[in-house]
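K.L.:
Here is how the chains run, residue by residue.
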Amino acid sequence: MRPNSDKIQMSGALTAESGAGKGRLRKFSSGGTLLLGFSLLFALGGCEKVLDQKPLNEVDQNIAITDKGSANAAVAGLYNELQSANYYGANFFIIGDVSTDVAQSIGTWDHYREMDTYQVAASGNVENNNFYTRAYSTVNIANNILEKIPVLASVADADKGPMLGAAYFVRALALFDLTRLYGGVPGVVGTMGVPVITKATKTVPEVEYPARPALAVSYAAVEQDLIKALELLPETTNKSIASKGAARALLSRLYLYLGKNAEVITYSSAVISDSKYVLNPVYADIFASKLTTESIFELSFNDSDQSGIRNWYNPVGGRGDLTTHETFYAEATANPNDVRGKLYGFSASNGRYQTKYQKAGGVDNIHILRIAEMYLNRAEARAQTGDLGGALDDLDLIRVRAGIGPISPRPATREAVLQAIWNEEKFEFAFEGHRLFDLTRTGQIMTVLQNIPRKNGPAISIPVIGRAVFPIPNFELDANKNLIQNEAYR
Amino acid sequence: MRKTLFLYLLLFPCSLVAALAQNKVISGTVTGSDDKQPLPGASIKVEGTSQGTTTSVDGNFSLSVPEKGNLLISYLGYVSKTVKISENSVYTILLEPNTRLLSDVIITGYGNQNRKTLTSSVTSVKAEDIANVPSASSDQLLQGRAAGVQVSTNSGSPGGGIFVRIRGTASINGSSDPLYIVDGIPIQASNLAQNGVGGSTTNPIADINPSDIESIDVLKDASATAIYGSRAANGVVLITTKRGANGQAKISAGIYAGVQNLIKRPALVSGSQFESLMNESAVNNGKVAPYANPAAAINTQWNDLVLNDDAPIRNADLSISGGSDKVKYLVSANNFMQQGVIRNSQYDRSTGRVNLDFNANSKLKVGTSILYSRSQRAIVQNDDNISGAFSGSHFYPSNMTVYKTDGTYQRIPTIDHPLATVDEADINMATGRFLGTVFGEYEFIPGLRLKSSFSVDYTNNTESTYLNTFTNTGSAVQGSADIYNLNDNNWIQENVLSYQFDLNKNSFNVLAGSSLQESETKFIRSTGTGFPTNDFTQINAAAVLRAGSSSTSYGIASIFSRINYDYDKKYLVTLNVRSDASSRFGKSNRWGIFPAVGLGWLVSEENFMKDISFVNSFKIRGGYGITGNQSGIRDFNSLGLWQGAAYSGAPGVRPFQLENPDLKWETTKQTDLGFDLSMFNNRLTFNAGYYYKKTEDLLLAVPLPRSSGFQSVVQNLGEIENKGLEFALGYDILPKTSALSWNVSGNIAGNRNKVLKLVAPFNVYGRDLFRYEEGAAMYSFYMHPQTGVDPQTGTIQFEDVNGDGKFTSSADRKIVGNANPDFFGGLTNNLAYKGLDLMFLFQYSYGNEQLNWTQFFMQHGGSRATNYTESQLNRWQKPGDVTEVPKMVAANYASDLRPSRFVEDGSYLRLKNLSLGYKIPSKFTKKMMLSSARVYVSGQNLLTFTKYSGLDPEVTATASTSLTQGVEFFTTPSPRVIMTGINVSF
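Here the protein sequences line up with chains C and B, keeping their order.
Numbering-wise, the first sequence is residues 369 to 858 according to the working numbering.
Numbering-wise, the second sequence is residues 139 to 1124 according to the working numbering.
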């Protein structure tokens, strides 16, 4: 039917009704007149009002980003997306640890048990699905900001820069996370990247059905975004948002994946030399406090905005579905001086569980980038380029802070130095979602993830290198016929 | 003066007749023809006058009457009778009970109609059929009693939701629940509970007291439902409440009480068996057996700790009804209380009703139907919930002690202690509901009426949760409390002008009307954590506070018209058209037109049938119509929206949904054919129907590539068909007039559901247990097809679905069955001998698959540390063992396996109700100052015949989504109820 026909329709019908009764109205008692009048009035007056309902919980997309305040709100929405329990709020950290020798699944949540046992189902692994979905919705918010904010006349260019920088940075982070989980690492596993989406989806016809690009293309898109982010982001001491320091730090990590050691050294050094970022002398403080000098980029949580990671590890008041591998705990506490070995609780049912993230009410901040990583990244790049002394100096800073003193005796071969660095990474970043990707990136995964004893079941080994990446969720293959599943899951 | 006199005569023509007539006094008795008991309070009127009286307690009356004329005798539940005034002065009047004959008057949308001239398919359930069945909610009472109406109880939790489908499921994302109309008001019938305590739902229909119900009429085909146009695609359930009748005040009271128990208790392994199985699994996996001496294990029966044996159920009803020519009234009160079979769960409802009819004058009638209902639910976490009471008491290993040595709860990870779930959490829901309508009806000339009504359906829900520090959740945050408050306010204004007239042999009933409806739901939530002690339970004492609110609304405007025409009561035509506009759709697509036509031919009225005397009535009918659906989607699904998304104290926004300005009504086109036959003095009735329903422009959450940032967008894409046959048969094996009477009525229906068109296949529910794809039925289970267990090695074997020569869990899944029954129905027997009456109803469902998801978790083969059901004992142990439960080694119970062995045949036959009653003879009741009294014993779910291994083949754990059905997942089973009661009237 045509628009605006509703009014015509309504009155038409009622005219017919009143016509039937009209001629007789006078002859009858006022009751009938009243009744008829009442019903007519009601029906005529109410129609437009009844059909014209306005949403109150949400706002129209066209008025969502209109001025400086709402543009800033969109940027906050970007960080909020990273905060989701499906992403950095819990899930992505868990993915990085439960699929390794650090953490194991002991509860009923099969989705993490699948990851723990290298049996992630393409169909129906809720956590794999959640991460994929959330990482791409993050990309879409960034794309909206990148399209909508540049054309806002009322916002000064100086204000736009940091906003756009944040969008480039977060888009890079999401694409990086997607690429390393589903694509792989060049030269180690995988040849296909993940769809690189750079246009905002605002209407259904704009929805793209991309094929998977080459792995290198995915990583190149991350690099490109980070370089733009570095240009646009501010130097800021606010570590709960993206900054030039954060862009440099993520570039340092990206180049480590790509084996570009000179660049790793450049960007790590740039962050290390930045006085805003200093190793926190007390390791436990990084997690007990918030936004310490250690942090480069840390997601900030509070009472009304909670992270879910504690719930998964902590049996006291939490689900406690996950716990530490006993072998890992033994290694982490082998040196009684290691302060990192103190961050564990114990329960009869769960054994040793991590207490880095243990604040009641889920108010733990999430550490995406912190300065310790820059030292270890640089150490690795230095070792790879032959500067073993420099590498060990960086490594020792981390060891000393952990309370275990400089490495002794100092390893003399490149392999041994690398091994020492990787070993330190394992303890330093346990439960911070690094392990799976570090094992893959360094090519250790097939040798390290063998015969890892599990509480509920036999020791587990990764069966093929193809399982170092996760399957693209089935719903995506159903919805987009241009995509191809990773080889190990076909 | 002349004018006044004229008006007087016009308005009160009867008084003139009365004044002119000669009078005499007659007397007599009115008794029921069935049991020959006197009927007290029956109305006797002289036709066309205001003269009348009602019978006394023993059924006697005396009345002054004119010499000539007719007596009109009526009594609730009996067929009214006209008796000619003769020269006799003493009359013995027998009234026939109102049984379901072809000639019943049944309620149709915006009116009522004689069943004989109906062109559509309508099933009616009358008050007496459902009286004193122990049920909170009247929709449940349709189970097994109405052909083509599939009803199952989602969960045995008291006051829980009911699954109702009329002629199949016609929508995927939209709602497939029927439209419920109570006394003309389309009511809010969807689950309003906000507090997520598992997948269970609450049932708003339970707010209505079943004892207030006079009849339930189920409109099934388009020619009947199209008058409700846009909301009628899933059928319409018309609930009519009792109203006052002429006569002296009749006071009725009823009370029943009973006990409820589980039909079947969970079969869990003992502590020794648990330890042996764990040892076996460890050894098979190359580990050291953890338990040295399983024989010495303790044995904790966890389920006994949470179950509420002999859970009470009781109901009390009181009503007063009566009236005169001027005013008729019915006032009723009810209290219903049902405890759950899990401790600390309860549903308690009190209702009050006032139904009034007032004849302001001979032209103007006004009336009201007003219900206030207040219910309290005490809820225990359960149903579709891993941390529920029932799941906890399944999961906790039987070799574990309940308490630690220090007296605190002994816990396992993930799942809270069953006693903490039951005793330390306090979860409540209080619902206040006002459902009221006022109407006025004016008759301009005989047959021409205008009826206007204004109705309100208002619900206030307050849900609260308090988790003290002895619960796992509460322990971390020093106690946690939530309060949700929801106000749901609906108003509807309707006007119907109808005109009934005859032109020779042509009979017309024409109506036209309009309707405006608006609905607004407002919701606030506050949460507090950190309480000084467990004695503080209100949020204002909490250290950390959070709050939220939301609001949503929709409106519908409609105009509609219907013409019922018959020629000589032989050839019947019904034409319907309704046009609706919904605020939910884009401006350009708001209006939808829903037309329907129904045709009927009363063959038995033809001359050539006159000689076939054993056929009382034979009618062939058919119809075609288009109906719509707008429910089940969100109120603002057509708009592109952004929502709030704060980050660390800074306000934020994020995209929420993509716009679809083309969003419009989902439409169902239905063709209907059937016949109604009545033979042998109406002793045998038979109805048969065939239907074909095709739903187009499905309101479907079309999956998008999530790389777009969106998961789906609601679009009008996709098609579903439902087709089926339904039959109902009623037979008086022994007629009502014989000393022993025996009536059997049964029905059977089969529906075939098929998804015809989708944009892309998609999976739903955790672990993708259901798949939607073209050519498959809805509610299809998507599993790894298990072909067996290798008798030599004990290895689980699966079908290689994609034929690549190997089994890959990510690639080799397929649809292995669905939850839709092939056939379902019921069989009711009613027997009466003198004052004794016996009723029993068997209800059945055949060919439906049920997923025993509880078993999946309880047959984990040692891959979890939790308990087992006894089914695990059937595992493969040595070469030669033939079983479907594989060897207890990790690979056979890998986390990515969804073996099809858990999809079972869910067919069942259930003795749903049985009641045996005795009507106390009047010589005793008289002494007790009663006009009648009946005592009875009755039972529900007394026997169940099924091959299904779970606790209840009827329940489903996933009631909160319309996309799934037929999953038992630690769901509370329906209890067996045994009760006794008494009904008396004064």
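If you're looking for bench data, these hints aren't it; they were derived computationally from the structure.
A quick note: this is a predicted structure, and the numbers were derived from the prediction, not measured.
Keep in mind that a hint or two might mislead.
What the hints assert, rightly or not - DSS-like cross-link-like pairs, simulated, lysine-lysine; straight-line CA separation at most 25 Å:
1) C/Lys823 - B/Lys425
2) B/Lys952 - C/Lys849
3) B/Lys1065 - C/Lys849
4) C/Lys417 - B/Lys725
5) B/Lys660 - C/Lys417
6) C/Lys823 - B/Lys542
K.L.:
If a hint holds in the structure, say so; if it doesn't, say that too.
P.N.:
Comparing the hints with the structure gives:
{"no.": "1", "hint": "C/Lys823 - B/Lys425", "verdict": "holds, 10 Å"}
{"no.": "2", "hint": "B/Lys952 - C/Lys849", "verdict": "holds, 19 Å"}
{"no.": "3", "hint": "B/Lys1065 - C/Lys849", "verdict": "violated, 82 Å"}
{"no.": "4", "hint": "C/Lys417 - B/Lys725", "verdict": "holds, 13 Å"}
{"no.": "5", "hint": "B/Lys660 - C/Lys417", "verdict": "holds, 18 Å"}
{"no.": "6", "hint": "C/Lys823 - B/Lys542", "verdict": "holds, 22 Å"}
Against the hints set out earlier in the document, a violation occurs for number 3 only.
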